[in-house]
Structure formats: C-alpha cells, structure tokens
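Make the full structure from the sequences, and use the hints.
Top line first, the protein sequences correspond to chains A and B. Each residue of the first sequence is one higher than the last, beginning at 1 in full-length UniProt numbering. Each residue of the second sequence is one higher than the last, beginning at 1 in full-length UniProt numbering.
Rather than coming from a laboratory, the hints here were simulated on the basis of the structure. Take these hints with a grain of salt, some might be off.
Derived contacts from chain A toward chain B, CB cut-off under 7 Å, selection only [unchecked claim]:
#1 Gln13
#2 Leu14
#3 Phe15
#4 Asp16
#5 Tyr198
Positions of the beta carbon are idealized from the N, C-alpha and C atoms, including for glycine.
Protein chains: 2
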Amino acid sequence: MAMIRNSGIIFRQLFDRTSCTYTYMLACSKTKDALLIDPVKELIERDLNLINQLDLKLKYVLNTHVHADHITSSGQIKKILDGVKSIISKESGAVADVHVENNDSIKLGENIDLLVKSTPGHTNGCVSYFLANGPCVFTGDALLIRGCGRTDFQQGDSGKLYDSIHSQLFTIPDECIVYPAHDYNGNTCSTIGEEKLYNPRLCRTRDEFIDLMKNLKLQLPKLIDIAVPANMVCGV
Amino acid sequence: MAMIRNSGIIFRQLFDRTSCTYTYMLACSKTKDALLIDPVKELIERDLNLINQLDLKLKYVLNTHVHADHITSSGQIKKILDGVKSIISKESGAVADVHVENNDSIKLGENIDLLVKSTPGHTNGCVSYFLANGPCVFTGDALLIRGCGRTDFQQGDSGKLYDSIHSQLFTIPDECIVYPAHDYNGNTCSTIGEEKLYNPRLCRTRDEFIDLMKNLKLQLPKLIDIAVPANMVCGV
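Next up, the structure:
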C-alpha cells in the first residue's frame, strides 16, 4: 500500500507539468493547520485556492532545497497570507523565517510531526522530511523514483549523495512511502523497499555510483541562472 | 485525508504527460492479484515493469470508456501476458473479454471489490468503478477535478452526464476520494464532498450545465480518428 494511511492527516500531491515538480500539501484534520512542501511560483493560485476551499490555515511553506529548475512561491505566499513562515535548511544559506538542521522536528497541529533528515549531495543544503505516522518521506531531489538528483552543479557531490541516501533514507523501514520533488515518467510515489531493490543508480557500489553520475552529460536546467538566486531569497 | 487508507490494497496512480491521462494500479496485498484501470499504450513498459517489480500478477485491464485522446494498452498487454482479461462496459459496444453493466461487481483477490456504476454522458458507455473499502471512485471522464468530460462527440449528452454525476456519484459519501482519468492542472485527486461544493460546472442547475457545455467550443482531440476505432478493439 503506497499511500499515507493516517486519517488524522489531510494530504494532497500536486504536480507542475512544466518543471515536473511535485508540491505536497499536508494538514492536521483536527486543527486544520496546513503546510506546503516545494510549492511552485506559477501555481500559487491553484495551491492557495485548494487550501482555501478545504478550509485550512496555511502555517508553513517548506523547501527541501534551493531549486534550480523552478522558482518557489514561498516569498509570494508570505506576502499574501499573514503569519506564514518559510522553512529551509540552515546549510542551504538561503533566507527563511526558520532554518532547520538534521534531526529537527517540525510540528503542526495535533497530528503532524516532520523529522528533518539532512540528505546533502544534490546540493549541500538538501533535506528530506520524514513523517513517521505516514509513514512517508518527502525526499526532495535526493532520492527520486528509480533515480536521484544530479550532482554536477550547486555544490553537488556524488559521494555525499550516495552516503546520504544509504545512511539517512535506506535505513527507514521498507514500507515507508517515498514522495520525491520530481518525476519525469508519470510515477507519483514509491517505497523505500522498492528503491533499495530497484533504483538503478543506487543498487551499485559507491565508486560505481560516482562514476555513473560523472558521466550523465546532462544539459543545465534552463532556469538555473534565474531560479537559484531567486530561491536564495524565497523566490522574490 | 484524500488517499486510500486500506492496507490490504496496493495502490499506484500513474500519469501520462502527453495526454494527461491517469492510469491506476490496484492489487490485493494478500494474493498479489492486480488490475490496471485505463492504461496507455505508449506506457506499457513502465506499467508492466512496475507490476513485475512489485511481484504482482496482472489479472484484469479495465477501461472506464472508449477513449478519444489516447490508445489503451489492454490488447497489447493481453498479447504479452497470458490470462489477462480486458473489461469494459457492455454499453460501449467495444470488444473485451468481460462486459460489465451497472451494479456489477469486479472482485480481485481477497480485498478488492469494484462496484460498476453506469455514468454515461461523456460517452454512452462510460462507467465509474467504486471501491467501497477505499473508499474511492475511479470516475473516468465523467467527473473530473473541478470539471467533467466534454459532451460534444461520441454520443455525448450533457443532460445525461449531469444526471449520471448527480445520481451515481454525488450520492456517494463526501469523504470518498475521486480519482479521475485526467487532470490538466496537476491535481491528483479530490473528494466527492469537494466536487459537490466546488465543481464550477456541476454546482449549477441542469439547464445551466447543458447551456455551458454547449458553448465550450473545444477543439477535437488530435487522436480521435485513430484512438476511437482502435479502442473499440482493445487498442490493437
């Protein structure tokens, strides 16, 4: 069963067809407090409409890292909704209301408690957010479905990414659902168990992984020169 | 909580970025028997790979209707995997191993029992598949998230669609999750309660709805002349 099962949590996965980014909305069904993970600037209206229609109160906007392929809506949301706090890792160096570090806990309402897991390698400030009572983990660009984030810009480091995934994510129970920040093949989720068995990049030795990542020969994201500086300051 | 909660069911939502079609995979976690709803021909490898990696046995391929915008992979899957049965409504007039009608039940393994709900209007053979122990309903092109299927070709009938949705879908409990065959705005699911409140087309009188649908002025789907005849014979 690859789905959050906890009935105390309202959950939505949202997709940006342009950058293939997944945004996640989590809310406590008791207090109606809500948070967004990795929202996309162009889709702010869709996301805020949904929160409004579901009668939720947005409290936090989290980013898993400083994105290079799209601009976050966190700053814009803060301008529209009073009291919303932006959250990103301290290590990212980006501006935010709250800076988190490994093992920090982000509590919301009565039912949501996200554990911050430091998973650098794609960027040096990448974190994953683990929800024990999902169970699920929002892996950003560290672990993707049958893939992983690239490591050839923004302080990327293949060895570090391999270690992050193996020590911080592959140690979570197998049935935990993986919700990544992107998927380009129409997959919406996976599980830790599946990725341990079938991720073609991670089922290798560390040296093989580093070698493979060195030879991907990918084009730079179109938006990188605009998105990275913008995302260092909440996208505004 | 907009997600299937039943832990006896393995569930995946899959997306086709070209036609914005959602394919669904459901399996009984006990017997490992699986079914696919609305699979897309070009993505057969992705879908069969997933079933293989999850160690499932595909038994049924269901279509909610004769699609006009993509070709089903049901016939091709039957050629590859022995014993798989294709399922579509009798009313559709399409070739299949099993023809279903309103109130029929499709049982799979120990945990899956889909109730067929006749929801014509987009085409005259449209059905929705209701899973009471989700609870969720796969609505095909009848009810979309904040929208509905068009009614200007393939025996489309706006009045019939309005009646189908109101009598067959809006009578399901509010918390039931809606999984449509398409979404063009990056939404992955909704609930019956939300659509009753916020679907801009369905929150109208029957006459207003018919009038609105008459004036949509949509272009024909690019693939209609290829997809409809192909889908009448399982896509092959």
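Structure-based check of each hint:
Given the 7 Å rule on beta carbons, the hint for glutamine 13(A) holds: about 5 Å separates it from the nearest Cβ of chain B. For the restraint placing leucine 14(A) at the interface with chain B, the shortest Cβ-Cβ distance is roughly 5 Å, inside the 7 Å limit, so the hint holds. Because the closest C-beta pair between phenylalanine 15(A) and chain B is about 4 Å apart, less than 7 Å, the hint holds. Annotation: aspartate 16(A) was flagged as interfacial toward chain B, and the flag holds, the nearest CB pair being 6 Å apart, inside 7 Å.
Interface hint status for tyrosine 198(A): upheld, as the beta-carbon distance to the closest one in chain B is roughly 5 Å, under 7 Å.
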